[in-house]
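Colleague: Listed here are the chains, written in short residue letters.
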Amino acid sequence: MTASWRLSAAEVKEWLDSLLAAGRRVIAPAGDGGLMLFRQVSSAGEVRLEDTAHARWSPKEFLFPRTETLMSYTFDHSSVQLAPPQPAATEQVLLGVRPCDAAGLTRLDDVFLGGEEGDQLYADRRLRTTVVSLACAAARPECFCTAVGGAPDGTEGSDAQLVPLPAPQGYLLRALTPKGRELVGGPEPGWPAATEQDWEQARTQAQRVAAEIGRSPLTGDLPGRLMDAFELPIWSTLAERCLGCGICAYVCPSCSCFDISDQASAYCGTRCRSWDTCTLTGFTRHASGHNPRPDQPSRYRQRVMHKFAYFPLESDGRLMCVGCGRCVALCPAGMDIRSAVETTATEVPS
Amino acid sequence: MNASGYVPQLMRISAQRDETSDVRTLRLDQLNRAPLSWRSGQFGLFSVFGLGESAFTIANPPTRGDHIECTFREMGKVTAGLRRLSVGQVIGFRGPYGNSFPVEEWRTKDLIFVGGGMGMAALHSPLRYVLDNRDDYGDVVILNGARGVADMVYTEEMKEWASIRDVQVVRAVDPGGETPEWDGEVGLIPQIFEKLGPQPDNHVVIVCGPPVMLHFMLQSLDRLGFHPEQIVTTLENRMKCALGHCGRCNIGPFYVCRDGPVITAAELKLLPPEV
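Chains as they are written, first to last, in our numbering: chain A, 1 to 350; chain B, 1001 to 1275.
Isolated chain B (complex conformation) (with noise of 0.2 Å):
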């Protein structure tokens, strides 16, 4: 039993980083709690005071586990007052929630990271774990799209990605999203995915983006023969309690909160469509 599941522990903010106009990485260090222990995959429940919480995707890895982060855009109430905030202002978390990517399953598998606008934060754990455990996977090839060139995340980062063995970054971004600077590819996620020409064996896909872009990576994926269990995504759903039990996050009777948010495609197939 949970004495006050919902109160969270208080954090500062140490660091903040602009990903694009309106997208920002907040660096976060424990006030006063025993440190938290996550699994990549895991989310919190980020409380501006005054305003609400908002869930976000962990995005750093517990191998990188002295403090936490997060990557949101700026959408609403809660997220324009976080975006307010400045370093050494304190926010409240909760967490962390939700199951996991199964990265231990992983080892010695290629990988292939599809992630889509904001979906590459939900990524950017599990690819930072592998990427820190480098000699336990083969290839990794991250494709990270975005409408146009100012909406893409993690610039700095994935020039860094580049660099290591046997890494390939493929950037793209929807048509008419170029500009003229542009020396990335341009076409929608799924296009691109399959110009890549990936073969399904021993790869596992691990996809997060927006609702329509998953539908059309899972039916190229599948068009390419990829089995609905080598294909991993990550859900999103409005959600107030994390627990399990304000009863909004659920599709069908899998709970987001609870259930998720990790799913793969083969167990995504047994739930009602309403994605």
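Isolated chain A (complex conformation) (with noise of 0.2 Å):
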């Protein structure tokens, strides 16, 4: 068993100050309990971790931000002077992360750092960065980990993770990796270890919650049955709503496109990536006029497919989806992507 210990809601306080104290950047969820952020905090009192703190957006933007600078230049007529940008130095935590953000992050991974081309960006961030989750003691209508492969214990993508046992118990903490083992102080923090009995209620709630969100796996070959439902008129139907705005994209932990655009004035300029979505008209849109995802039916198919059938396909059948239901609770015209896998998924015929 992975090394734990329980802590005192004040013991875990404490942990978070020294963490500071040390001079490490602690993102965490912060906020007055209306709209609740995840921001880099500077007391371990603007922490929130209980049951009902879930931060309206992702913190994919520490590790992956909405825009960062991909190089600067100047140029005049006959030369150009390039500046690469200065990867950033500072180790981060990411505190208070839900397994399911946490696991979205591991699909930046996928997508930032597989392949032949890593970003060394990302990569460079990524490395300074440990990601301590908070396992789910309620669940939130919106939720859905359980059908993608999550759970609200799950530990993908975590360092080290923080289990809420009811009050006034206090936490369990487990260190899941090497990064995480060293962000709780090495092999003996000083806390008292966690009893089996503490892991055997720590897993009896995971199962409570796990039996409210009330949504079984996605089961069979879900990438093949999508693929197949490519031509199927449905999409239509299930577009009909789609306003195109993008904000499934924007709260989305495992979204990871973006666009590149060039800041300039006459004589100096900056290139920029930023977040982008197949959900808007010009993403896919040719210099010719031509687009070959002409209408909202095909940039809506093109969401569902990339998350549920292309990703899978080349990630060994991981979703990149990751249930967080952020998109589902936020969507301005009541979208709902896991209606739309299951219906087209049944849609074609076996």
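Certain hints may be false.
So the derived label-pair ranges between C-beta atoms look like this [what the hints assert, rightly or not]:
id, chain 1, residue 1, chain 2, residue 2, range
1, B, Gln1219, A, Ser339, 31 to 39 Å
2, B, Pro1200, A, Asp76, 51 to 59 Å
3, B, Asp1066, A, Gly282, 33 to 41 Å
4, B, Glu1160, A, Gly115, 40 to 48 Å
5, B, Asp1201, A, Gly115, 35 to 43 Å
Short, incomplete list of chain B residues facing chain A, as computed with Cβ under 8 Å [unchecked claim]:
id, residue
6, Met1075
7, Gly1244
8, Cys1246
Computed footprint of chain B on chain A; a stretch qualifies when at least three of its residues, placed anywhere within it, have a C-beta under 8 Å from a C-beta of chain B [stated by the list, open to error]:
id, segment
9, 69-75
10, 110-118
11, 287-293
Hints are computed from structural coordinates only; laboratory data are not their basis. Ideal placement from N, C-alpha and C gives every residue a C-beta, glycine not left out.
Put the two chains together into one complex, using the hints given.
Modeller: Listed below in structure tokens is the structure:
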């Protein structure tokens, strides 16, 4: 069994303060309850770890910023000077990350670190990041991690995990990777070891939350069935309400598409990459005006297919959706990717 | 791991040639990096500083590899800016990216190159490669179509190629695009192609043009009995990173920048119809 300890709520705060005192950049859910977001905190008191603390956006922006500089340059008629970006050198801790969001970060890893051409900017940041997830003690209506391979106490993408026990019992803390082990202070951090009974209680809690979510795993050859469904007319019905606003991608912990654009004056400029999304009209429009995805159904289909068919086909079946449910909760038109996948996959004549 | 995959190398425009009123070919010389090596069919991202990047095929073959050429049409912000530059000015280049035409597999075969409009630019490199190794290949037919006479590219080179042994050049314009002096064919490319009566035996057909031309060419080729394995095309989609990351050039699970741009009709058939 992985090394684990039992901490009171006060001890968790002390631990966070010690991380801050050691000069780590700590990013955690914080806010006044109305709008909770991941942000850099300066004291443990700002961090919100209670059951209801769910950040509006995923923490992906701390590995894959909304906008970042790829290079800067100065130029005139006959010469150009290029300045590559300076990678950030700060060690950062993403803390209080829900298991779905932690799993989402591993999808970004697949995109930016997989294949022949890794992304150095992402890799630098990833190397300096330690993820401490927070197991869920309650489900929200939009949650569906259990349908897509996750769990309320899932550990994919976590270096360490906090598991809240019913008050006033505090938390269990487990170190899952060497990075996590280092963060908790080595093999003997000074807290009492968690017992088998503690973990029994944690497992029971996770099972209860999974039952609350009530979504069984999507099974069968989902990518294959969706590929077969590519030309079905059902996509028009499914995408009827899609406004093409892109909020689903912006709040998604695994969406990784981006744009590259230059911001410049007459003699100097910056090349940036910024989040972008396949549901926007111009995403694939050619210079000629031809658009291989000319309408909203074809763009919405791309979103569903990428997450549930194309990505799994090259990632050993891993889906590019972790079931956080933000796209369901925040869509202004009430679109629901869960039913889109289920409906499409069952439309295919077997 | 690419240390700074987005930082281009610098190249100086050493020559330019206007193909039409809005299409230009540039010759680019590297300023300071080690000589590039590439294969026919690969592409690059060309930077106009202050404006952005555009993807173009590398138009010259590695057999003429002491510089880089590209042919582009002025369509948007970046290409308009590129056309405003003149000889001596500096642009950026990153690449080469993507796969390439299987020119070695084509040895001893008869080849038909079919290029529509700007699609001819993507055929320029493999065609020149073949002509630079003339003895290794069979007969070569070049069918080049455009909307009108004024839209024909590589006009001078076409004359030169037509004089090479066992090379036939057929030039065509769309109906209505001809002028009184036009001595080439008039008609849509698939019709002219069928009129040429090509036989599938020992042939490879290399096609590049707008999506609608490709669609009808594939139908013609099928009618004439060509196998999808004998048909090679090169795709183009809007792209930004060229590294398989930015997520916009895919056709189903096929990323044009990473898995293409060169693809056989047989492979294309396996992809969703989203070209």
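Colleague: If a hint holds in the structure, say so; if it doesn't, say that too.
Modeller: Hints, one by one, checked against the model:
1. Checked against the hint of 31 to 39 Å, the pair Gln1219 (chain B) and Ser339 (chain A) passes, with Cβ atoms roughly 38 Å apart.
2. The supplied range of 51 to 59 Å is met by Pro1200 (chain B) and Asp76 (chain A), whose beta-carbon atoms lie about 56 Å from each other.
3. Under the hint 33 to 41 Å, the C-beta atoms of Asp1066 (chain B) and Gly282 (chain A), about 38 Å apart, fit the expected range.
4. One distance hint, 40 to 48 Å for the beta-carbon pair Glu1160 (chain B) and Gly115 (chain A), holds here, with the actual separation near 41 Å.
5. For the pair Asp1201 (chain B) and Gly115 (chain A), the supplied restraint of 35 to 43 Å holds, since their beta-carbon distance comes to about 39 Å.
6. Interface restraint check for Met1075 (chain B): the shortest CB-CB distance to chain A comes to about 4 Å, inside 8 Å, so the restraint holds.
7. The beta carbon of Gly1244 (chain B) is positioned within 8 Å of a beta carbon in chain A (closest approach about 6 Å), and the interface hint is therefore held.
8. Taken as an interface hint, Cys1246 (chain B) checks out: its beta carbon lies about 5 Å from the nearest beta carbon of chain A, inside 8 Å.
9. Beta-carbon proximity to chain B at under 8 Å applies to 4 residues in the segment 69-75 of chain A; the threshold of 3 is reached and the given coverage holds.
10. Taking a C-beta to C-beta cut-off of 8 Å, the segment 110-118 of chain A contributes 5 residues in contact with chain B, enough for the three needed, and the coverage statement holds.
11. Counting residues of the segment 287-293 of chain A whose C-beta sits closer than 8 Å to any C-beta of chain B gives 5, which meets the bar of three, so the coverage hint holds.
Checked against the numbered hints above, the structure breaks none of them.
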